[in-house]
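Enquirer: Residues per chain are reported as follows:
There are 2 protein chains.
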Amino acid sequence: MSTIFDIAREAGVSITTVSRALNGYSDVSEITRRRVVEIAQSLNYYPSAAARNLQGRRTDTVAFAPLLREHMESEQFFKEFLGLLTLSAFRHDLSLLATVADTPSHTDKIYRELAGSGRVDGIILADIKPQDERIDLLGSLDLPFVAFGRTADYADLKYPLVDVDNAAGTRAVVDYLAGKGHSRLAYLSGPFNTSYSLHRYSGFRESLRQHNLPIDDRLVIADLQEPSDTTGAVARLLSLGENEHESKSLRPTAIVAANDHLAWQVIQELQRHGISVGSHPTGNNIAVTGYDDLPFAGYVQPPLTTVRQPIATISDILLDLLVMIIKHETESKKKVTLPAKAIRREPNEQVGMEKRANTGRAEQYVRWIGPMQALVAPELVIRASA
Amino acid sequence: MSTIFDIAREAGVSITTVSRALNGYSDVSEITRRRVVEIAQSLNYYPSAAARNLQGRRTDTVAFAPLLREHMESEQFFKEFLGLLTLSAFRHDLSLLATVADTPSHTDKIYRELAGSGRVDGIILADIKPQDERIDLLGSLDLPFVAFGRTADYADLKYPLVDVDNAAGTRAVVDYLAGKGHSRLAYLSGPFNTSYSLHRYSGFRESLRQHNLPIDDRLVIADLQEPSDTTGAVARLLSLGENEHESKSLRPTAIVAANDHLAWQVIQELQRHGISVGSHPTGNNIAVTGYDDLPFAGYVQPPLTTVRQPIATISDILLDLLVMIIKHETESKKKVTLPAKAIRREPNEQVGMEKRANTGRAEQYVRWIGPMQALVAPELVIRASA
DNA sequence: TCCCCAATCCAAAACATTTTGGTAGATTGA
DNA sequence: TCAATCTACCAAAATGTTTTGGATTGGGGA
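Line order of the protein sequences matches chains A and B.
Just so you know, we're using my numbering here: the first sequence kicks off at 1 and counts up by one.
Just so you know, we're using my numbering here: the second sequence kicks off at 1 and counts up by one.
Simulated from the structure, these hints should not be mistaken for laboratory data.
Predicted model only: the values in this text are computed from it and were never measured.
Misleading hints may appear alongside valid ones.
[Claimed, not checked] Below, a list of computed lysine to aspartate or glutamate pairs in the DMTMM-like style, where the Cα atoms sit at most 25 Å apart: (1) B/K109 x A/D6; (2) B/K327 x A/D102; (3) B/K109 x A/E38; (4) A/K333 x A/D60; (5) A/K341 x A/E75; (6) A/K335 x A/D132; (7) A/K341 x B/E75; (8) A/K109 x B/D93; (9) A/K109 x B/D121; (10) B/K129 x B/D229; (11) A/K327 x B/E113; (12) A/K180 x A/D216; (13) A/K334 x A/D136.
[What the hints assert, rightly or not] Anything over 12 Å on all C-beta distances counts as not near chain A; from chain B, calculated: (14) I15; (15) N23; (16) V28; (17) S29; (18) D132; (19) D156; (20) L157; (21) D175; (22) K180; (23) N212; (24) L240; (25) K327; (26) L338; (27) K341; (28) E346.
Ideal Cβ positions, reconstructed from N, Cα and C, are used throughout, including at glycine.
Construct the complete structure from the given sequences, taking the supplied hints into account.
Expert: Right, dumping it as structure tokens:
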């Protein structure tokens, strides 16, 4: 590979001039610049990323390093997010460096490495927890970052983030179900270790309260991890009301799942029990809703009523924000909250290939940039028994 | 950030010793090493990736830079592949640098940059075309790479690759359909610009021939790009036999789609026309098959009979191969061809969440490593009229 | 004539590491 | 005891770029 030195020798100028010619400085004559560019091209010259990088320049790369989870290969959301992040990065003339962290302590190590080694200009955080050490860590490391989600210190969030109003999302599906006449709603969730899962659950409780529906702790099952957990949870819900001294009406008529993947598992389980899945509260019929609106949500039968996470928009805004911070174009505390929208799908609806592409830039969302409000009162967030 | 110099000063040794202590060289005493390690830790030292890199070391990063396509955001295969590549890279202690190329000439530029700038140790190529300039380019750039797919010079492939027997895959679904009694099969495909799409099509033709079924060019429609193309194609297939002087039996009883996405579009179109989708060749009933076995294939109704691409395995092997080449552990021409397997799903079948995880390493596939045979005779590959 | 300015250019420093080619001192072998 | 070998360390070179802080011109104004 040829170096800047070779170009300089060939062109009969100093390496300084080559560097400045190639990087568009004004103090090099047009004629010299042209010669240099030509020679650089003919010698197939590409500046060493390592050397410029060492010198302190941009890397034009941002990192995404989620924590490894079990069965991550089948997590649709992860793949969706990563893919759209890559495309958003491209639109911002950036590359995406994707890594995975083994354990929380490995996460720590990776972030320190990323910061210390100068491989990236910034980093994207997801799966934010109510108390998330990564925020402080990155702050102290002086590495620009932007979060998808928020910590629990709602009053005074000191870092840039994008979030979806998760509580409102669940409220929307509960509203939908309540509107259909459902009054016994169950809630199924994975572990309550991320903020968004807590927000979704608190939205569920809020909405029940608003509709004057009772909150029955027997209908809330969290911490579902393995597929077998879902099997057990559904069985437990169905067994309610089977004891002779219990009222038959104990059984839920609708199940609100905290994400689409879970919803799909629940539907499978219900069908295995010979229970049809539909939106109206009748005897042998249970409604199921999801959250995320992953591409498959419209494909399944019955099509899933769910809440849309506008992942493409989210990743675009994340990168907009990150780029602004890297370029010091903004004070680094800007926040964006996107509204949640319920996608209502009826059982025998004809569902077409929906257009999900979204190339909108953050500008159009600026109206949401502003001070953050707590979307959920912390005391609402209790741990549901598993 | 602290540098190696700070550690050296603190420990009272030279930077050479620090470097060698930290990198496990033998000529540093255990006691010194321990001191150095301890101080490095206490100073939160992480070596600068740029500096080591400049010095000629590994970057522990591989790149994946597919060509930008329209509607790429909704391409499930892309996201699936990218996600699984990331996880495979992680298992090999590598990071994945994901970029997108605008145009073919931009691809060229990106690869040259990647090679010249030393940002990555190797690169992963996908969507190989029969004549693919990238192969020669990367060869001349001296950047290790491995391909998913192959060029048309079957006799003497000079680069490492992983491929799936695409022709056999389509043969398998045609066998399935023929076994059900179908005799008029249509073939729908996207553009024939990649090797795999040609192989799939040639498998279709081979199989028809083997079953002594006629090949009717009116039933082959390629170059489908926009969703509206599919609408038109299905309409055209359905209109066959509508003219009074044509036999009613001209209409296909089964449609073989070149990928799952297309199959799903076809199913939607058929349902729009009020035609039920099922596996048996009857009057108002058309069978549809796909290719890829993307996660949603089992979710749709009716569940899709398709051909499995073992993407997780593929990406694992790609990285195994690439790592071997980077480490010079192998002559750089190893090839792996994986068999294709049809996934037969019946219309009202109960489809569970299937386990797709595959963490198998290439070792177990070594039996497929060997000389390559042409999977399809080039003359078979004709361009279907659109 | 002298000085100054703008337009071009450049040498050297800085970036943080690894590798090369040693040296000094201790230990071993004959 | 002397030479050879080992052990533990180090100075300096090499890596390729950008930036800093000038240096060199040629021409215009006083």
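Enquirer: A separate judgement is required for each hint: does it hold in the structure or not?
Expert: Hints and how they fare:
no., hint, result
1, B/K109 x A/D6, "20 Å, holds"
2, B/K327 x A/D102, "24 Å, holds"
3, B/K109 x A/E38, "16 Å, holds"
4, A/K333 x A/D60, "21 Å, holds"
5, A/K341 x A/E75, "22 Å, holds"
6, A/K335 x A/D132, "17 Å, holds"
7, A/K341 x B/E75, "23 Å, holds"
8, A/K109 x B/D93, "14 Å, holds"
9, A/K109 x B/D121, "22 Å, holds"
10, B/K129 x B/D229, "23 Å, holds"
11, A/K327 x B/E113, "23 Å, holds"
12, A/K180 x A/D216, "19 Å, holds"
13, A/K334 x A/D136, "17 Å, holds"
14, I15, "16 Å, holds"
15, N23, "15 Å, holds"
16, V28, "22 Å, holds"
17, S29, "26 Å, holds"
18, D132, "20 Å, holds"
19, D156, "27 Å, holds"
20, L157, "26 Å, holds"
21, D175, "26 Å, holds"
22, K180, "22 Å, holds"
23, N212, "36 Å, holds"
24, L240, "24 Å, holds"
25, K327, "20 Å, holds"
26, L338, "17 Å, holds"
27, K341, "18 Å, holds"
28, E346, "14 Å, holds"
Checked against the numbered hints listed earlier, the structure breaks none of them; every hint is satisfied.
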